[in-house]
Amino acid sequence: METSTFNFSDNSEYLVYEDGEMYSTSSTPPQQVILTPLPPNVLQAIAFAFSTFLIIISNTLTLVVLHLKPSCFEEIPRLIFQGLAVTDLLTGVFCCFFSFLFSCAPHLQNSITCTIRTMACTGCLNQSALTMAFATVDRYVAITKPLRYVSIMTARRARAVLVILAFVSIGNAMFTNVGADFASTKRTCVSDFSAVGIGISFRPSLVVILLIFYSSLVISTFANYNVVRIALRHSRIVGDEFSLRQNPNMPSGTSSSAVGATNTVPYLPQPARANRIKMRSLWTVVMATISFYILVMPWNIMASLHFAHHVTIPHSLRIAAAYLLINNSWWNTVIYSLLNTSFRRAVGKTLLRACGRPMSDSSLESTIAMDGRVNVYIPQ
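FYI, the working numbering numbers position 222 of the sequence shown as 1644, with every residue one higher than the one before it.
Using C-beta positions, here's what the derived DEER-type ranges look like:
(1) R1651 x S1493: 20 to 30 angstroms
(2) L1490 x V1650: 24 to 34 angstroms
(3) T1482 x H1732: 40 to 50 angstroms
(4) V1756 x V1585: 22 to 32 angstroms
(5) R1570 x P1462: 49 to 59 angstroms
By construction, these hints were calculated from the structure, which means they are not laboratory data. Even glycine gets a Cβ: it sits at the ideal position worked out from N, Cα and C.
From just these sequences and the hints, can you work out the full model?
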(Lines of atoms letter the chains of each structure in order from A and count residues from 1; the text may use other names and numbers.)
(Lines give C-alpha, C1' and ligand atoms only; values in the text may rest on other atoms or scores of the structure.)
Protein backbone atom coordinates (compact mmCIF):
# COMPACT_ATOMS: atom_id res chain seq x y z
CA MET A 1 0.00 0.00 0.00
CA GLU A 2 1.28 3.41 -0.90
CA THR A 3 2.13 5.92 1.78
CA SER A 4 2.13 9.67 1.49
CA THR A 5 4.42 12.02 3.35
CA PHE A 6 3.57 15.64 4.05
CA ASN A 7 5.75 18.26 5.67
CA PHE A 8 4.50 20.80 8.17
CA SER A 9 6.07 23.76 9.88
CA ASP A 10 7.82 23.38 13.19
CA ASN A 11 4.93 24.82 15.18
CA SER A 12 2.12 22.96 13.44
CA GLU A 13 0.00 20.33 15.07
CA TYR A 14 0.30 16.88 13.53
CA LEU A 15 -1.94 13.88 13.11
CA VAL A 16 -1.01 10.22 12.84
CA TYR A 17 -3.47 7.64 11.53
CA GLU A 18 -3.14 4.05 12.64
CA ASP A 19 -5.81 1.38 12.19
CA GLY A 20 -8.48 3.93 11.48
CA GLU A 21 -7.89 6.08 14.56
CA MET A 22 -6.94 9.71 14.82
CA TYR A 23 -4.36 10.97 17.28
CA SER A 24 -3.60 14.60 17.90
CA THR A 25 -0.66 15.93 19.86
CA SER A 26 1.24 19.18 20.17
CA SER A 27 3.98 18.42 22.71
CA THR A 28 6.92 17.43 20.50
CA PRO A 29 5.75 17.90 16.91
CA PRO A 30 7.73 16.03 14.29
CA GLN A 31 8.45 17.33 10.83
CA GLN A 32 6.19 15.03 8.83
CA VAL A 33 2.98 13.06 8.88
CA ILE A 34 2.68 9.62 7.30
CA LEU A 35 -0.77 8.78 5.96
CA THR A 36 -1.88 5.43 4.62
CA PRO A 37 -5.04 5.54 2.46
CA LEU A 38 -7.87 3.29 3.54
CA PRO A 39 -8.56 0.21 1.38
CA PRO A 40 -11.96 -0.17 -0.33
CA ASN A 41 -14.69 -1.16 2.11
CA VAL A 42 -17.37 -3.31 0.47
CA LEU A 43 -19.84 -3.33 3.38
CA GLN A 44 -19.51 0.40 3.84
CA ALA A 45 -20.05 0.95 0.12
CA ILE A 46 -23.17 -1.24 0.12
CA ALA A 47 -24.58 0.64 3.12
CA PHE A 48 -24.05 4.04 1.51
CA ALA A 49 -25.44 2.81 -1.82
CA PHE A 50 -28.58 1.56 -0.08
CA SER A 51 -28.97 4.88 1.75
CA THR A 52 -28.47 6.83 -1.47
CA PHE A 53 -31.25 4.85 -3.14
CA LEU A 54 -33.64 5.36 -0.21
CA ILE A 55 -32.91 9.08 0.07
CA ILE A 56 -33.40 9.84 -3.62
CA ILE A 57 -36.54 7.71 -4.00
CA SER A 58 -38.22 8.83 -0.77
CA ASN A 59 -37.63 12.55 -1.19
CA THR A 60 -38.57 12.52 -4.87
CA LEU A 61 -41.77 10.75 -3.88
CA THR A 62 -42.39 13.34 -1.15
CA LEU A 63 -41.99 16.23 -3.58
CA VAL A 64 -44.32 14.60 -6.11
CA VAL A 65 -47.02 13.83 -3.53
CA LEU A 66 -46.91 17.27 -1.91
CA HIS A 67 -47.22 18.83 -5.36
CA LEU A 68 -50.07 16.63 -6.57
CA LYS A 69 -51.97 16.58 -3.27
CA PRO A 70 -51.26 19.84 -1.42
CA SER A 71 -54.22 19.28 0.93
CA CYS A 72 -52.24 16.73 2.96
CA PHE A 73 -50.90 19.53 5.15
CA GLU A 74 -51.57 23.17 5.76
CA GLU A 75 -49.98 25.55 3.28
CA ILE A 76 -47.03 26.79 5.37
CA PRO A 77 -46.01 23.37 6.77
CA ARG A 78 -46.29 21.97 3.25
CA LEU A 79 -43.86 24.59 1.93
CA ILE A 80 -41.48 23.82 4.79
CA PHE A 81 -41.68 20.08 4.12
CA GLN A 82 -41.01 20.69 0.44
CA GLY A 83 -37.93 22.76 1.28
CA LEU A 84 -36.76 20.06 3.67
CA ALA A 85 -37.27 17.39 1.00
CA VAL A 86 -35.12 19.36 -1.46
CA THR A 87 -32.38 19.65 1.19
CA ASP A 88 -32.56 15.93 1.95
CA LEU A 89 -32.45 15.12 -1.76
CA LEU A 90 -29.26 17.15 -2.14
CA THR A 91 -27.85 15.33 0.88
CA GLY A 92 -28.39 12.03 -0.87
CA VAL A 93 -26.97 13.22 -4.19
CA PHE A 94 -23.81 14.80 -2.79
CA CYS A 95 -23.08 13.49 0.72
CA CYS A 96 -24.27 9.91 0.48
CA PHE A 97 -23.33 9.28 -3.15
CA PHE A 98 -19.83 10.71 -2.70
CA SER A 99 -19.43 8.60 0.44
CA PHE A 100 -20.35 5.58 -1.67
CA LEU A 101 -17.76 6.50 -4.30
CA PHE A 102 -15.01 7.07 -1.75
CA SER A 103 -15.84 3.77 -0.03
CA CYS A 104 -15.56 1.91 -3.35
CA ALA A 105 -12.55 3.81 -4.69
CA PRO A 106 -10.57 5.68 -2.01
CA HIS A 107 -8.16 6.95 -4.67
CA LEU A 108 -10.91 9.31 -5.86
CA GLN A 109 -10.46 11.36 -2.70
CA ASN A 110 -8.57 14.52 -3.58
CA SER A 111 -8.79 18.20 -2.83
CA ILE A 112 -11.51 18.79 -5.45
CA THR A 113 -13.84 15.92 -4.58
CA CYS A 114 -13.43 16.43 -0.84
CA THR A 115 -14.12 20.15 -1.28
CA ILE A 116 -17.33 19.48 -3.20
CA ARG A 117 -18.56 16.91 -0.72
CA THR A 118 -17.61 18.92 2.36
CA MET A 119 -19.24 22.12 1.13
CA ALA A 120 -22.43 20.33 0.05
CA CYS A 121 -22.75 18.34 3.27
CA THR A 122 -22.07 21.36 5.46
CA GLY A 123 -24.67 23.41 3.62
CA CYS A 124 -27.28 20.64 3.77
CA LEU A 125 -26.68 20.03 7.47
CA ASN A 126 -27.04 23.73 8.26
CA GLN A 127 -30.15 24.05 6.10
CA SER A 128 -31.81 21.03 7.72
CA ALA A 129 -31.24 22.36 11.23
CA LEU A 130 -32.43 25.86 10.33
CA THR A 131 -35.50 24.51 8.53
CA MET A 132 -36.43 22.36 11.52
CA ALA A 133 -36.15 25.37 13.81
CA PHE A 134 -38.29 27.43 11.42
CA ALA A 135 -40.93 24.68 11.31
CA THR A 136 -41.21 24.52 15.09
CA VAL A 137 -41.36 28.30 15.44
CA ASP A 138 -44.06 28.40 12.75
CA ARG A 139 -46.20 25.89 14.63
CA TYR A 140 -45.53 27.67 17.93
CA VAL A 141 -46.83 30.99 16.59
CA ALA A 142 -49.75 29.26 14.84
CA ILE A 143 -50.86 27.63 18.10
CA THR A 144 -50.15 30.43 20.58
CA LYS A 145 -51.16 33.43 18.44
CA PRO A 146 -53.50 32.13 15.71
CA LEU A 147 -55.03 35.49 14.74
CA ARG A 148 -51.70 37.23 14.46
CA TYR A 149 -50.23 34.23 12.65
CA VAL A 150 -52.82 34.47 9.86
CA SER A 151 -51.88 38.08 9.17
CA ILE A 152 -48.12 37.67 9.59
CA MET A 153 -47.20 34.36 8.00
CA THR A 154 -48.10 34.11 4.33
CA ALA A 155 -46.84 31.71 1.69
CA ARG A 156 -44.68 34.41 0.13
CA ARG A 157 -43.06 35.27 3.45
CA ALA A 158 -42.49 31.60 4.23
CA ARG A 159 -40.68 31.18 0.91
CA ALA A 160 -38.63 34.30 1.66
CA VAL A 161 -37.58 32.88 5.04
CA LEU A 162 -36.54 29.59 3.44
CA VAL A 163 -34.49 31.47 0.84
CA ILE A 164 -32.76 33.53 3.55
CA LEU A 165 -31.94 30.37 5.51
CA ALA A 166 -30.55 28.82 2.33
CA PHE A 167 -28.24 31.80 1.80
CA VAL A 168 -27.01 31.48 5.40
CA SER A 169 -26.27 27.79 4.87
CA ILE A 170 -24.55 28.40 1.53
CA GLY A 171 -22.46 31.18 3.06
CA ASN A 172 -21.18 28.93 5.81
CA ALA A 173 -20.57 26.14 3.29
CA MET A 174 -18.45 28.43 1.14
CA PHE A 175 -16.18 29.17 4.10
CA THR A 176 -16.00 25.52 5.17
CA ASN A 177 -12.64 25.00 3.47
CA VAL A 178 -10.93 28.09 4.87
CA GLY A 179 -7.58 26.88 6.17
CA ALA A 180 -8.26 23.39 4.93
CA ASP A 181 -5.50 20.86 4.49
CA PHE A 182 -6.98 18.07 2.41
CA ALA A 183 -3.70 16.22 2.39
CA SER A 184 -4.67 15.02 5.85
CA THR A 185 -8.27 14.06 5.09
CA LYS A 186 -7.72 10.66 3.52
CA ARG A 187 -9.58 9.02 6.39
CA THR A 188 -12.11 11.72 7.22
CA CYS A 189 -13.48 12.84 3.86
CA VAL A 190 -16.19 10.18 4.11
CA SER A 191 -17.11 10.61 7.76
CA ASP A 192 -16.51 14.29 8.49
CA PHE A 193 -18.88 16.94 7.14
CA SER A 194 -16.49 19.70 8.21
CA ALA A 195 -13.05 18.32 7.38
CA VAL A 196 -11.34 21.68 7.25
CA GLY A 197 -7.76 21.39 8.34
CA ILE A 198 -8.24 18.58 10.83
CA GLY A 199 -4.85 19.47 12.29
CA ILE A 200 -6.29 22.78 13.49
CA SER A 201 -8.14 22.72 16.79
CA PHE A 202 -10.13 25.89 16.06
CA ARG A 203 -12.19 25.80 12.88
CA PRO A 204 -14.57 28.71 12.21
CA SER A 205 -16.97 26.73 10.02
CA LEU A 206 -17.28 23.96 12.60
CA VAL A 207 -18.06 26.57 15.24
CA VAL A 208 -20.88 27.92 13.07
CA ILE A 209 -22.21 24.41 12.38
CA LEU A 210 -22.33 23.52 16.06
CA LEU A 211 -23.78 26.91 16.97
CA ILE A 212 -26.57 26.51 14.42
CA PHE A 213 -27.32 22.96 15.55
CA TYR A 214 -27.44 23.56 19.29
CA SER A 215 -29.32 26.86 18.89
CA SER A 216 -31.95 25.18 16.72
CA LEU A 217 -32.11 22.31 19.22
CA VAL A 218 -32.90 24.70 22.08
CA ILE A 219 -35.47 26.61 20.01
CA SER A 220 -37.15 23.43 18.76
CA THR A 221 -37.29 21.87 22.23
CA PHE A 222 -38.90 24.97 23.73
CA ALA A 223 -41.37 25.36 20.87
CA ASN A 224 -42.33 21.68 20.69
CA TYR A 225 -42.94 21.40 24.43
CA ASN A 226 -45.22 24.42 24.49
CA VAL A 227 -47.17 23.68 21.32
CA VAL A 228 -47.83 20.07 22.34
CA ARG A 229 -49.04 21.17 25.77
CA ILE A 230 -51.30 23.87 24.33
CA ALA A 231 -52.52 21.76 21.41
CA LEU A 232 -53.57 18.85 23.62
CA ARG A 233 -55.59 21.16 25.85
CA HIS A 234 -57.14 22.88 22.83
CA SER A 235 -57.97 19.55 21.21
CA ARG A 236 -59.85 18.41 24.31
CA ILE A 237 -61.83 21.66 24.36
CA VAL A 238 -62.76 21.37 20.67
CA GLY A 239 -63.76 17.73 21.15
CA ASP A 240 -66.00 18.57 24.11
CA GLU A 241 -67.65 21.44 22.22
CA PHE A 242 -68.33 19.14 19.28
CA SER A 243 -69.84 16.51 21.57
CA LEU A 244 -72.05 19.08 23.28
CA ARG A 245 -73.23 20.35 19.89
CA GLN A 246 -74.22 16.84 18.82
CA ASN A 247 -75.57 15.87 22.27
CA PRO A 248 -77.24 18.86 23.93
CA ASN A 249 -78.37 16.72 26.88
CA MET A 250 -74.83 15.56 27.74
CA PRO A 251 -73.76 16.87 31.17
CA SER A 252 -71.25 19.69 31.11
CA GLY A 253 -67.67 18.52 31.60
CA THR A 254 -68.28 15.05 30.17
CA SER A 255 -65.44 13.88 27.99
CA SER A 256 -66.08 13.50 24.29
CA SER A 257 -64.84 9.91 24.50
CA ALA A 258 -67.98 9.03 26.46
CA VAL A 259 -70.21 9.77 23.48
CA GLY A 260 -71.67 6.65 21.92
CA ALA A 261 -71.27 5.59 18.34
CA THR A 262 -75.00 6.22 17.66
CA ASN A 263 -74.53 9.95 18.23
CA THR A 264 -71.90 10.44 15.55
CA VAL A 265 -72.48 12.11 12.19
CA PRO A 266 -71.06 11.21 8.76
CA TYR A 267 -68.72 14.15 8.70
CA LEU A 268 -67.09 16.58 11.10
CA PRO A 269 -68.07 20.25 11.07
CA GLN A 270 -65.62 22.82 9.80
CA PRO A 271 -64.00 23.77 13.18
CA ALA A 272 -63.37 20.15 14.14
CA ARG A 273 -62.04 19.22 10.70
CA ALA A 274 -59.77 22.27 10.57
CA ASN A 275 -58.49 21.42 14.04
CA ARG A 276 -57.72 17.87 12.92
CA ILE A 277 -55.68 19.14 9.96
CA LYS A 278 -53.75 21.52 12.22
CA MET A 279 -53.02 18.73 14.71
CA ARG A 280 -51.86 16.51 11.85
CA SER A 281 -49.34 19.14 10.74
CA LEU A 282 -48.28 19.79 14.32
CA TRP A 283 -47.52 16.18 15.21
CA THR A 284 -45.69 15.69 11.93
CA VAL A 285 -43.41 18.64 12.68
CA VAL A 286 -42.81 17.45 16.25
CA MET A 287 -41.90 13.89 15.26
CA ALA A 288 -39.74 15.05 12.34
CA THR A 289 -37.71 17.35 14.58
CA ILE A 290 -37.32 14.70 17.28
CA SER A 291 -36.03 12.11 14.81
CA PHE A 292 -33.71 14.68 13.22
CA TYR A 293 -31.99 15.66 16.46
CA ILE A 294 -31.74 12.07 17.70
CA LEU A 295 -29.98 10.93 14.51
CA VAL A 296 -27.77 14.02 14.18
CA MET A 297 -26.74 14.27 17.84
CA PRO A 298 -23.97 11.58 17.73
CA TRP A 299 -22.15 13.37 14.91
CA ASN A 300 -22.40 16.73 16.65
CA ILE A 301 -21.02 15.26 19.87
CA MET A 302 -18.02 13.88 17.97
CA ALA A 303 -17.64 17.16 16.11
CA SER A 304 -17.56 18.97 19.45
CA LEU A 305 -14.76 16.67 20.59
CA HIS A 306 -12.59 17.92 17.72
CA PHE A 307 -11.67 20.91 19.85
CA ALA A 308 -10.00 18.67 22.42
CA HIS A 309 -6.33 18.22 21.58
CA HIS A 310 -5.84 14.75 23.04
CA VAL A 311 -9.12 13.01 22.22
CA THR A 312 -9.00 9.81 20.19
CA ILE A 313 -11.90 9.32 17.77
CA PRO A 314 -12.04 5.82 16.26
CA HIS A 315 -12.71 5.82 12.55
CA SER A 316 -15.55 3.31 12.91
CA LEU A 317 -17.43 5.64 15.27
CA ARG A 318 -16.98 8.54 12.89
CA ILE A 319 -18.41 6.48 10.03
CA ALA A 320 -21.35 5.31 12.17
CA ALA A 321 -22.19 8.85 13.27
CA ALA A 322 -22.01 10.17 9.71
CA TYR A 323 -24.17 7.26 8.50
CA LEU A 324 -26.87 8.04 11.08
CA LEU A 325 -26.78 11.70 10.11
CA ILE A 326 -27.15 10.96 6.40
CA ASN A 327 -29.95 8.43 6.92
CA ASN A 328 -32.06 11.07 8.60
CA SER A 329 -32.76 12.32 5.07
CA TRP A 330 -35.18 9.51 4.23
CA TRP A 331 -36.88 9.18 7.61
CA ASN A 332 -39.13 12.20 7.01
CA THR A 333 -41.09 10.38 4.30
CA VAL A 334 -41.69 7.50 6.71
CA ILE A 335 -42.89 9.92 9.40
CA TYR A 336 -45.25 11.69 6.99
CA SER A 337 -46.71 8.35 5.94
CA LEU A 338 -47.19 7.11 9.49
CA LEU A 339 -48.83 10.26 10.83
CA ASN A 340 -50.82 11.43 7.81
CA THR A 341 -53.43 9.15 6.28
CA SER A 342 -53.96 11.38 3.23
CA PHE A 343 -50.24 11.46 2.52
CA ARG A 344 -49.96 7.69 2.95
CA ARG A 345 -52.80 7.03 0.51
CA ALA A 346 -51.34 9.49 -1.99
CA VAL A 347 -47.98 7.74 -1.73
CA GLY A 348 -49.61 4.38 -2.39
CA LYS A 349 -51.47 5.67 -5.44
CA THR A 350 -48.35 7.36 -6.78
CA LEU A 351 -46.34 4.16 -6.43
CA LEU A 352 -49.06 2.14 -8.16
CA ARG A 353 -49.16 4.58 -11.04
CA ALA A 354 -45.37 4.59 -11.27
CA CYS A 355 -45.40 0.79 -11.48
CA GLY A 356 -47.94 0.94 -14.31
CA ARG A 357 -50.78 -0.72 -12.42
CA PRO A 358 -54.27 0.56 -13.32
CA MET A 359 -56.17 2.46 -10.65
CA SER A 360 -59.64 1.15 -9.87
CA ASP A 361 -60.86 4.64 -9.03
CA SER A 362 -59.00 6.47 -11.77
CA SER A 363 -62.25 7.77 -13.25
CA LEU A 364 -63.63 8.97 -9.95
CA GLU A 365 -61.86 11.50 -7.81
CA SER A 366 -63.59 12.64 -4.63
CA THR A 367 -62.51 15.20 -2.13
CA ILE A 368 -64.14 16.16 1.15
CA ALA A 369 -64.62 19.86 1.62
CA MET A 370 -63.94 21.64 4.87
CA ASP A 371 -67.67 21.81 5.65
CA GLY A 372 -68.07 18.06 5.20
CA ARG A 373 -69.64 18.00 1.75
CA VAL A 374 -68.40 15.45 -0.76
CA ASN A 375 -67.34 16.90 -4.09
CA VAL A 376 -67.29 14.34 -6.89
CA TYR A 377 -65.34 15.03 -10.06
CA ILE A 378 -65.93 12.78 -13.08
CA PRO A 379 -63.60 13.52 -16.02
CA GLN A 380 -65.34 14.04 -19.36
